[in-house]
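Residue numbers (the working numbering), protein chains in the order written: chain A, 1 to 256; chain B, 1001 to 1263; chain C, 2001 to 2282.
Simulated from the structure, these hints should not be mistaken for lab results. This structure is a prediction, so every number in the text was calculated from the model and none was measured. Glycine is no exception: its CB is placed at the ideal position from the N, C-alpha and C atoms.
Partial list, computed: chain C residues near chain B (C-beta under 10 Å):
no., residue
1, Q2025
2, L2135
3, F2224
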Amino acid sequence: MAAYIQARNVNLSFRPPNRGAVRALDGFDIDVEEGEFLSIVGPSGCGKSTFLNVVLGLLKPDSGEVLIHGNRITGPGSDRAMVFQEFGLLPWRTVQHNIELGLELKRAPSAKRGAIAERLIGLVGLTGFEGHYPHELSGGMKQRVGLARALATDPDVLLMDEPFAALDAQTRDLMQTELLRIWREARKTVLFVTHQIDEAIYLSDRVMVMSKRPGRAKKAFTIALPRPREYEMRVTPKFNELKLEIWNALKDEIAV
Amino acid sequence: MATQPSVLSGFIGRHRNAVLGGAAVALFFAAWQAIFFVVPFNPLFITKPSLIAAGLVDLIESGDLFHDLAVSAVPFFLGLFAAVVIGVPVGMVMGRRVRIGYALDPLMTVFYASPLVALAPLLVIFFGVGLPGKTIIVFSLAVFPFVFNACAGVRAVDHLLVNVVRSLGGGERDVYLKILLPSVLPYTIAGARIAVGRALIGVLVGEFFAASEGIGHAITRFADIFAVDRMFACILTVMVIAITLTEGIRWAERTAFPWRFGQ
Amino acid sequence: MAEMQTLDLELSATSGTLPATASRQRIESIALGTAAIVLLLLIWELVPHFLPIKQGTRLFFTVPSRIFETLWEMFATGSIWAPLGVSAAAFAIGLALAIAAGLPLGILLGRSKTLNAMLDPFVTAFNATPRLVFLPLLMLWLGIGMWSKIAIVFLGAVFPLLINTHEGVRNADKVLINVVRSFGASEWDVARLVVLPNSLPFIVVGLRLAIGRAILGVVVAEFFGAQDGLGVVMVRAASSFNVDIVFAGLIIFAGLSLIMTGLVRLFEERTSRWRPQRAANE
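With these hints in hand, go ahead and build the complete structure from the sequences.
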């Protein structure tokens, strides 16, 4: 059975003004199964965020294609939604109105919007904060809003671009556990980009290591840890073995 | 897709904005000159770039332009100088002594926000149309940006620095000279940028009121005799001066205080 | 022997204080501000009682009480309304035209980098030049009357509006634009959802600056190139040494300027509730 998301030989270069072309993705191939939680780890600048933007539909590859459920991706669509590293909340909108953004653009009726937003606010644990403005929220809370907003349009695929990078370590740990809880309920396919191997192993079914720029899919690792994941698993030998394996695949790609 | 870029396209790429801007200006003057092939030319109301250039050359050669500029320059610089020398210390004291700041702030705000130009007729009649009158007008318009900017500059000073000087045995005078004065420098220069424009208005207002010399008077003089080409030449001269002063100060700000440009 | 200097606490009194001290500061600042103005007026009023004034200067000298008397008279007899109406009309029409031209143009310049690069020299040139320098030319073209006034007001007001709108549009967060695009927004949606709300505070600042310049424009236009309006009244009064009327006129212009910019500031505050506290720019 064909994979749910298929990337075939994706090539992409950036052409900044006044400088030479930069090859971001080089023959990138990947298969993602439906309902899978896949993390992509790679060194800085390897193109992982670029790939995510290609799947999102905001960037077009120079050659190659990405298929979702057999259909070629040609632009943004309601079957995919992204959670951004910098949160990307509209500062002049309240929490509730931020979550409703995607629904507004889909022209959903306002009663329906409100109901969906309310349910998601409960799901991400922000009940009581509907009327707050982004600048009144902590980083973790902002990202919960970002997550709720991405889930509001009920996409099939959730794209997450280092969503916890801007948070402090403790909040980050908390948010990882939260994310797993929410994912269990929402049951989406997730493409998760991160720097942190720990995070990737803890969250995912599979971890894909990317080479340094220009980015290729280097090696995929299956994470055979039981679900639901518990925090204690992070200190087991199995976890550390995986970490070492992935690190060995990754370390050659990191320039010092 | 592109092969090896040529030197020219590299240059254009790096300086794209300047090239586009320069091209737009050149296009504007070319169109202005050329439009009279289709539109009738009435020398009493309009002129062409070629005639403006000729008039400008004429004014320069006869020395009239420089004479008028010189006459205007004196009250301009005198008034500005007085504005700095009086405005900056007043602003600094307002910033440093909180209660004086409270007291003078509303007063100064009212003055700054009022069209003080409205008093120009009075000032001209009282002080005359010559140097004293023009200088006073320039001063009254230019002093407030300096007051407010100096005040803001002092208020923005890190108290830690002041405490350092104090802890080393420095007195109030040392605080002013070693910390406050250097700190208000960028603010003063920013204030100069605003004050320069207002000072120019002051000079023009003073001269429009029936001076007998000066660049402003030259403009009205040429308007009266419908010498439109020379009028445009003078107007363009004033524009060039205004732009040079304002953008020059901006450039000085950027070079001398690059850290200030996150704002 | 120098005294031990106390550490610099006076300046710190204005920053990061408890609510109780903060409101005490507000009362203090209002009290001192008012006191200063009252004191100034009082001294001015009493000067002729204490200092001998030369005969020549007497012609020009006036005191606050006479100025307010004149103001009162102007309003009571209704002689103020006609000239004020003329000035207000020129102001309003010029400002309205400036908004109609400046806002769309500012948006265009913000969206198109090419257009911006091409128009930038012109905008910079006209913004740096005092509009007054064009008055004789405008009078030549438009005559002495409403239109040259409106033209000067327009020229003064359009540039702050244009520049600030442009700044607001350009300032729109790219991340936010990508966010909205990722939900399938069209260009129009992007403008509506991100660019416009983001630009609003900038436009309001531009409006505040434009009002000040517009009033200035009316004043100078009426001084030199008009037949009626409050400024004309002032110039005529000045040449017949009617100093009270000149000051009264100034007060009216200043008052209108302060009221209008005050209203805009109020509006500014209300529409900026979503912003974390930022410093104002000039």
